[in-house]
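S.K.: With chain U held as given, fit chain V onto it using these hints.
There are 2 protein chains.
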Amino acid sequence: MRHGYVLGIDAGGSKTHALIADLEGRVVGWGQSGPGNWEGVGLDGAAAAYAQAVDAALEVAGISRDALIAAGYALAGLDWESDHDRLTPVVTRLGVPGPFILVNDAFGALRAGSADGCGVVVIVGTGSTVAGRNRRGDTFRTFGLGMVWGDFHGATGLVWEATRAIGHAWIGRGPATALTDAFVQAYGAAGLLDLVERVSRGAAPHPDGRLAPLIFATADAGDEVACRIVRQAGEDLGQTAAAVVRKLGLGAEPFDLVLAGGVFRSRNTLLIETLASQVRLESPAVRVVLLEAPPVAGSVLLAFDAAGLPTPPALRERLLAEAHHRFDMLQRGIPQ
Amino acid sequence: MRHGYVLGIDAGGSKTHALIADLEGRVVGWGQSGPGNWEGVGLDGAAAAYAQAVDAALEVAGISRDALIAAGYALAGLDWESDHDRLTPVVTRLGVPGPFILVNDAFGALRAGSADGCGVVVIVGTGSTVAGRNRRGDTFRTFGLGMVWGDFHGATGLVWEATRAIGHAWIGRGPATALTDAFVQAYGAAGLLDLVERVSRGAAPHPDGRLAPLIFATADAGDEVACRIVRQAGEDLGQTAAAVVRKLGLGAEPFDLVLAGGVFRSRNTLLIETLASQVRLESPAVRVVLLEAPPVAGSVLLAFDAAGLPTPPALRERLLAEAHHRFDMLQRGIPQ
Numbered sequence: 001m002r003h004g005y006v007l008g009i010d011a012g013g014s015k016t017h018a019l020i021a022d023l024e025g026r027v028v029g030w031g032q033s034g035p036g037n038w039e040g041v042g043l044d045g046a047a048a049a050y051a052q053a054v055d056a057a058l059e060v061a062g063i064s065r066d067a068l069i070a071a072g073y074a075l076a077g078l079d080w081e082s083d084h085d086r087l088t089p090v091v092t093r094l095g096v097p098g099p100f101i102l103v104n105d106a107f108g109a110l111r112a113g114s115a116d117g118c119g120v121v122v123i124v125g126t127g128s129t130v131a132g133r134n135r136r137g138d139t140f141r142t143f144g145l146g147m148v149w150g151d152f153h154g155a156t157g158l159v160w161e162a163t164r165a166i167g168h169a170w171i172g173r174g175p176a177t178a179l180t181d182a183f184v185q186a187y188g189a190a191g192l193l194d195l196v197e198r199v200s201r202g203a204a205p206h207p208d209g210r211l212a213p214l215i216f217a218t219a220d221a222g223d224e225v226a227c228r229i230v231r232q233a234g235e236d237l238g239q240t241a242a243a244v245v246r247k248l249g250l251g252a253e254p255f256d257l258v259l260a261g262g263v264f265r266s267r268n269t270l271l272i273e274t275l276a277s278q279v280r281l282e283s284p285a286v287r288v289v290l291l292e293a294p295p296v297a298g299s300v301l302l303a304f305d306a307a308g309l310p311t312p313p314a315l316r317e318r319l320l321a322e323a324h325h326r327f328d329m330l331q332r333g334i335p336q
Numbered sequence: 001m002r003h004g005y006v007l008g009i010d011a012g013g014s015k016t017h018a019l020i021a022d023l024e025g026r027v028v029g030w031g032q033s034g035p036g037n038w039e040g041v042g043l044d045g046a047a048a049a050y051a052q053a054v055d056a057a058l059e060v061a062g063i064s065r066d067a068l069i070a071a072g073y074a075l076a077g078l079d080w081e082s083d084h085d086r087l088t089p090v091v092t093r094l095g096v097p098g099p100f101i102l103v104n105d106a107f108g109a110l111r112a113g114s115a116d117g118c119g120v121v122v123i124v125g126t127g128s129t130v131a132g133r134n135r136r137g138d139t140f141r142t143f144g145l146g147m148v149w150g151d152f153h154g155a156t157g158l159v160w161e162a163t164r165a166i167g168h169a170w171i172g173r174g175p176a177t178a179l180t181d182a183f184v185q186a187y188g189a190a191g192l193l194d195l196v197e198r199v200s201r202g203a204a205p206h207p208d209g210r211l212a213p214l215i216f217a218t219a220d221a222g223d224e225v226a227c228r229i230v231r232q233a234g235e236d237l238g239q240t241a242a243a244v245v246r247k248l249g250l251g252a253e254p255f256d257l258v259l260a261g262g263v264f265r266s267r268n269t270l271l272i273e274t275l276a277s278q279v280r281l282e283s284p285a286v287r288v289v290l291l292e293a294p295p296v297a298g299s300v301l302l303a304f305d306a307a308g309l310p311t312p313p314a315l316r317e318r319l320l321a322e323a324h325h326r327f328d329m330l331q332r333g334i335p336q
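So the protein lines, in turn, are chains U and V. Going by this note's numbering, the first residue of the first sequence is number 1, and it counts up by one from there. Going by this note's numbering, the first residue of the second sequence is number 1, and it counts up by one from there.
Excised from the complex, chain U in its bound form:
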């Protein structure tokens, strides 16, 4: 049996995670640093963020770099063919021995959430991205570049639909909605006109994705307009996922539909059910998986893949559970 450890990195626009596991999937080290998307912080900034997270994880694990035998890198900003040449030297300079796999961060989340590494992942945070991989290894990914190129209904898009509905209610074009009061209260404003005046004059911040939970709460309380917005988001995201299913010919057998990203932490049934039902139209046997673990666990699984090591279900489940626990504590600032 082989000895050593594997490393995973998940680098995003707001933070970078590193995770080290032994070859049975036990988590032994973890680390976190700042933004790791080179598009935002430059190649040197990304390299520094990766290195800082790796060093922290090595320190927690109490092992040297030489004990690592493989790595999986799931990096935001790895979007185009040309980015492979750009980012390969950056990860190579980390000095991690052994083979590695380098993918866009969406595929780390897919690897974490899907039992066999295949299927479709719908990531909904501030923005949204849908990515998939079939059993032949073909992959496909939507642009994930914000609302412009078709990836609508991240938190930003949801909030925009809400402000649009609030505007339509105000002009008497759409039905009155409890979203109006919810937004007015969230701003501590005297009323809608006060809210809009303050926003338009820069005295209050523009409504952004942080208000998305308000929409779910208002929908849960029974507001028809909020329900319509949530349902519409589910249909839109589900239709994109169904298109990716078709692109990859995934529909014939059951596959995992992984839901990842901050917006699903609401666990909103209406959103999830509407989304899933769109995909079921394409593929009735789809299994819906809500990803609880941090996507960096998927990067560790990719490191196993790189090393040619199997990841049986017990190993994967242990890894996901331990990673979830560790990063949950890290997120909440609890000393470990």
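By construction, these hints were calculated from the structure, which means they are not laboratory data. One or more of the hints may lead you astray.
Derived, one-sided and incomplete: chain V residues facing chain U with beta-carbon distance under 7 Å [said to hold, decoys possible]:
no.	residue
1	150
2	163
3	240
In silico SDA-like cross-links for lysine to any residue, where the CA-CA straight-line distance does not exceed 20 Å [what the hints assert, rightly or not]:
no.	chain 1	residue 1	chain 2	residue 2
4	V	247	U	169
5	U	247	V	175
6	U	15	U	45
Don't be surprised by glycine CBs; every beta carbon is placed ideally from N, CA and C.
M.R.: Chain V only, in chain U's frame:
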């Protein structure tokens, strides 16, 4: 009979127009200066832009300020109650004698395009605004603050719908569309991926409202997706206009539906007919007017109103035609 001249100012985000007419509606002076929306250039900047345009118009007219007897000011950035107190001193400092009327610029366009000053105006440029006035003098205006608060389907929104449709075609979620090639060619790109990579990496500008004419051209050439986008814009704008009709109780008698702003310069029949048909559902006898004259002609008509002088049809028509001619030449840089 009274003697003297009246002054109109139309101040917008990109330029300020001034127009002087005699009491029979003959245009005698015209002037143009830079941005006049105080939200962008500050109160002093706006004051300077107004003054520069007025001075230019007085010089062309060859008259002194004392020959003016009334003024109409239609000002972008006059959005809230508090703005009246803010902008009244600014226009007062221009030193124009006599009474004046101060309104949001949307009402200048309405006064220009509507035979009796009542009705609804749909202004579609980069963004969109809908405003109305009934025969009792009640007014209503949508926020006109960009896409967020319900005013969708300005040129920016149209282009966004196009890029969204292009993205959906690429992932196989929506039908193929000639918009893809049209946008690729407009960017001189090698293909869609090249276009998106360049935009996402800052090597090419983000698609913006300047591409809206491409959508109309693609629709006119028979592309179904482009037609759907144009139809949807017409429905959306028409539904907002119908809501304003209801707000003001305008539907009982015929009224003018004035279409103003750069997007209507396309004279796209599909857009205009779809928009009008939504308003006709509310009010079958509506008269659709495409505003050819610059909105500053409406400011001059407001000056007549301020002076208590009638504006019979012949006077109004002469004023609109002459103003159109003068500002058309000014726009094209032709010495007059």
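S.K.: Determine for every hint whether it applies to the structure shown.
M.R.: To see whether the hints hold, each was checked on the structure:
{"no.": "1", "hint": "150", "in the structure": "holds (2 Å)"}
{"no.": "2", "hint": "163", "in the structure": "holds (5 Å)"}
{"no.": "3", "hint": "240", "in the structure": "holds (6 Å)"}
{"no.": "4", "hint": "V/247 to U/169", "in the structure": "holds (12 Å)"}
{"no.": "5", "hint": "U/247 to V/175", "in the structure": "holds (14 Å)"}
{"no.": "6", "hint": "U/15 to U/45", "in the structure": "holds (12 Å)"}
Hint compliance for this structure: every hint is met.
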